[in-house]
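What follows is each chain in one-letter form.
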Amino acid sequence: MSPSHPRAHPRVGPLAARSTTPRSLDVDALIDDPATGIIVCCGSGGVGKTTTSAALALRAAERGRKVVVLTIDPARRLAQSMGIEALDNTPRPVSGVGGAAEHGGSLDAMMLDMKRTFDEVVESQATPEKAKQILENPFYIALSSSFAGTQEYMAMEKLGQLQRDAKQTGTYDLIVVDTPPSRSALDFLDAPERLSSFLDGRFVRLLLAPARGPARLMTAGLGLVTGALSKILGGQLIGDLQTFVAALDTVFGGFRARAQQTYALLQADGTAFLVVAAPESDALREAAYFVERLSEDRMPLAGLVVNRATPAPAGELSADEAMTAAGRLQRAGGGSVTAGLLRLHADRVRMCEREAVLRGRFAAAHPQVPTVVVPALAGDVHDLEGLRKVGNMLAAG
Amino acid sequence: MSTDWPRVRLHVVTGKGGTGKTTVAASLALALASHGKHVLLCEVEGRQGIARIFDVEPLPYEERRLATGLAAGGKSAGTVHALSIDPEAALLEYLAMYYKLGRAGRALDRFGVVEFATTIAPGVRDVLLTGKVFEAVQRNSRNKGARQYDAVVLDAPPTGRISQFLNVSDELAGLAKVGPIKHQADTMMTLFRSPRTAVHLVTLLEEMPVQETADGIEHLREAGLPVGGVVVNLVRPRDLKVKDLAAARKGALDRGAIEADLVTAGVDVDDALLDGLLSEARDHAERRALEDSQRKIVKALGIPAYELPRLAGGVDLGGLYELAQALRDQGLA
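Just so you know, the protein sequences line up as chains X and U, in that order. Per this note's numbering, the first sequence starts with residue 106, numbered consecutively. Per this note's numbering, the second sequence starts with residue 308, numbered consecutively.
Here chain U stands alone, though its shape is the one from the complex (with noise of 0.2 Å):
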């Protein structure tokens, strides 16, 4: 199964609160980890998501390994590392790495330049925290010892902030217009701009996340930043055919025949149980309704989308699996 995103190194998967970008990220970074890839799957917002979803302690600010990758086409699977990125942490990294600034840089942390360049100033924030996903993916075997990867799948900040959080140059243009950081996050941009990164937005099949997905894009292609696919996370089973669902919504189902068919099949009828399977029919229905006139939006987005199933026991490491399956299946990976 070949990939719709073959050249893409940076993959962002932003999306609305609530629709489940963590886990469609984590399911990414499985998906993409197979064949032998390794893969590092980065937060940026301290909410400790990932170490949730792979039932594992809270993550440092350090590459651990965390999972091994999808395995697919008889070849071994790959492995998937994460990182929790801190802004405070980054910015003392960064520091040291660039700049030497030995006593000085230890001054700052002293008299709490750290603390406050990290809250004052989101666009200084903003370059730290990308600057460390950018380092990732820039990495080659100039760095030595430092873990090389195919591919880095970003937990992004939701739909409404992420133009903003990429954009990083503009964001910090009114604050900083020349120096070391301006340039810093120029180089960035070039890398964010590239085909080599893809914003990847998680929705839902309603009509607010879906509103805002559209938002989302033209935001992205207003601030020059590639769009990837869109991903409908919490897809409900579809086990009615579109006749029926027709029938459902007016009340039209046979319900002698339905009667019938759950006697042959040895159920207990009742007239309770009759009409709560019709009722059942009638909502699924509507949302089923519902759902497909948002899937048409979806569709005139013109840009690739994916489908993941609603699974009814919920989201374990085994459902991550099966989620990256999907989404391998239908080319995201």
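Pulled out of the complex, with its shape left as it was, chain X reads as follows (with noise of 0.2 Å):
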């Protein structure tokens, strides 16, 4: 944020406070821009990423683009509905989608197989002998099924591997990224960054060192601590790190170039990130949270996607008015259906209130930000008609 806010005549008084209206979000703008080339949804857990892609990418077929989405955990009954039930790390047509005969478009879908996508990297980095000693290092098999942010790492390389083949091959125009649901969902920005410095880290050069040679000072230091994780760990422990230390080092330029391709591609004209959140405090928290790293980090921001929000009540009875004319007609003795129902328009005109303040204060921190708001269905979705729904509704803002 820029410390000095070049504002004249900063506003007080009654006007000072009146409510930001967001700026909309034209998503089919967004879809059918052929300039647009990968749709990155990020947001916390929870909030319907994996069903807000797979819908966009839906919708973006059946408006004539060739589409791959790429999701990470989708709910069982989608994931059949598009058929990616079987986890196998390969982008599969999906049937069923409309006006590909007219439009030309068509959409494939995939799930993230992190395991196989990392074994997969180790295998095109290193030869074969020395891809083996890796991928039967416990080391390995521990950082690659659960380090956190190997998943997000895994997703952005996938992601880069599915560009590549698209430029070649020209199977897709539009990639859709659905991002793991981690505890900080932009992990997938630092991986890179994280895999380096963990691999300069100064323990790691430690215990390279013997190896390299030319390193007595620090020995010394080593026989110390190694002597210490062999007391903590068991002795077995240090002789496996060191030779998976060893052999990731040697694969580890490779790495490292692929992470900052990924990257620069992230921040290229080309992506745009969408920041999809509930209409909780908590969820809009933490899109504030993305909105502000995103920007910090130069990656391309279309927009917010406010999901499952409550749909808006109809006709002007207030929560307060509701409630009293349900009390009325309890205390009369009757019309217990209709004091049902007012209660419920109560209930709803006060969620639909406190979503409108949480929203109202995102948009003043963040006026710059695109909008859209996405009803809650009644139901749960999964299959292509309730993705076209909402999409729809995706589009209609």
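Among the hints, a few may not be true.
[Claimed, not checked] One side only, chain X facing chain U, incomplete, derived with CB under 10 Å:
no.	residue
1	Ala-180
2	Gln-230
3	Ala-431
[As the list claims (entries may be wrong)] Chain U residues, not near chain X, derived (Cβ > 12 Å throughout):
no.	residue
4	Gly-452
5	Arg-454
6	Ala-555
7	Gln-601
8	Leu-618
9	Ala-633
Derived from the structure by calculation, the hints contain no laboratory data. Using N, Cα and C, we set each Cβ at its ideal position, and we do this for glycine too.
Dock chain one against chain two, each of which comes alone in its own frame, and use the hints as you go.
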């Protein structure tokens, strides 16, 4: 944030509190623009990222784009309806996509297999013997299946692969990516950096030192450290660790170069980030953090999707009026259905008011972010028909 | 009111992202801290969710008094303390406590080993995080000066990771087959697998969270970890009777009668309002039908289920006590 935001006359008085209406996000313009090559959906867990990415991808395909959608952890029935319940790390065509004949659009989908993607990276970077050695190392196994950030990093690695393939073969002109539901959903931005700093770290260099030779000065320290570690972890561990780090070091150049390429790809003009949030204070706080972080890293932010908003109530009846009327009916001893309807109405009005306040606060802090509000559907989304509905609502804004 | 879990000292609360795990863990801690009981509420993912929900400063790696428990039955309430467990701080504490490493311990930190160990070896990280929880549960009068708790509530990682997180000795087995840390992990497993632990799962009445809950229970059982209850969160208000719901779904509610009722109640009725109320009723009935079908699935899981209402105004401190009371009334605490 710039420290001095020039404003000659700071606004005070009643006008200062005027509520901010955010710019609205034109989803169709975004997906129809041939310059849009990659859309990344990010947001905290449970806000409907996967559904949003799938709905966007389907809509783009039905409007003539050649789309591939990379999902992380779709609901079982949604995955089945898209034909990707088998996790084989390769895009598969989705059947039932409309308008393919007229517009030439198509949709492929895949589910990310984190470990397999990692294995493939290792195999492509190292000689077969070296690769085997790495793949069998217990540290590699732990790292590739549960290192915090591995999933994020692998999602980006897969994105890079898809993009390179698409460029060569022309199979796709739009890639939609869902990001993993991590504690900090932007970990993928840090993953290349984290991997680098890890491998450049003092301890890793120390472990590699004896193999490299002229590091006499450090070996005394190393003795102390490995001694302590053996005491805690057991001796066999140190050996495994040294093998692992040495092996990884040889394939590391490739790793780092690719990570940097992917990072640059994310910053490029053809990429658009969509931050997805639910109209809850936690989710919007996270969304605000993403928006700030993306702009810090100069990542192209297309807008905010506020998902699962309470549908606006009809009519002018306020929550208090509805509750008063419901109370009167109940005391009069009749109209239990009507009283129930009035209470439901009051509940919906209150939810809507609270959500509007939360959105207004977000908009006041981030007025530059175009926003689209998607009302909650009454049922779950688990087929293409449901995705189309979500797509329509995304576009209707 | 008696609790369904009288022997449990360690309540682990897990759930799919977005289901309100932290809210449930916090309310459970308040509910357990009645009758003069003292409760420790822990988080392990560095999200500071506890600080946010109680609206206090970010928590350090230190037990802090957070709130007074739910007052119940005229007895004085107990206290809730909170702790945000950080793996690096836990490792240093662990080393100091068990190994008295002295100079070597400091060297470990200086050479970046602490960061290294907590980053690269997730098994090691989880042992440290759960190790601190273990220590808080096992504390007794021999630990001079340390606060003792009647119960510990852990705001744990999400359902997808919970079995792996608690199953520390298996997780570590690939890395360390022998040695003190392996031994430590095995000791911890004895507590986690005992009836003194219960893993509660938070869900919503929606397809995916319920499916994930069913999968989670299966994984916990495979790992020999004690399954606690299912907490169904954010349950919608139930203001319509079953027969009215069916009519609402079909669009067959008596429009004339409703209009007459509204007039009686002094509401200015027009077509827009009537249409609006009827369409709200239809949406609600459709959502309720979905909830009811999911509720059946939850019931079929065969473990105790507890329900918490969705608070229209959102969850603040007062709301937490309201939810705590609901948990107490239903016997989770």
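Hint numbers the structure violates, sorted upward?
-> 2, 6, 7, 8
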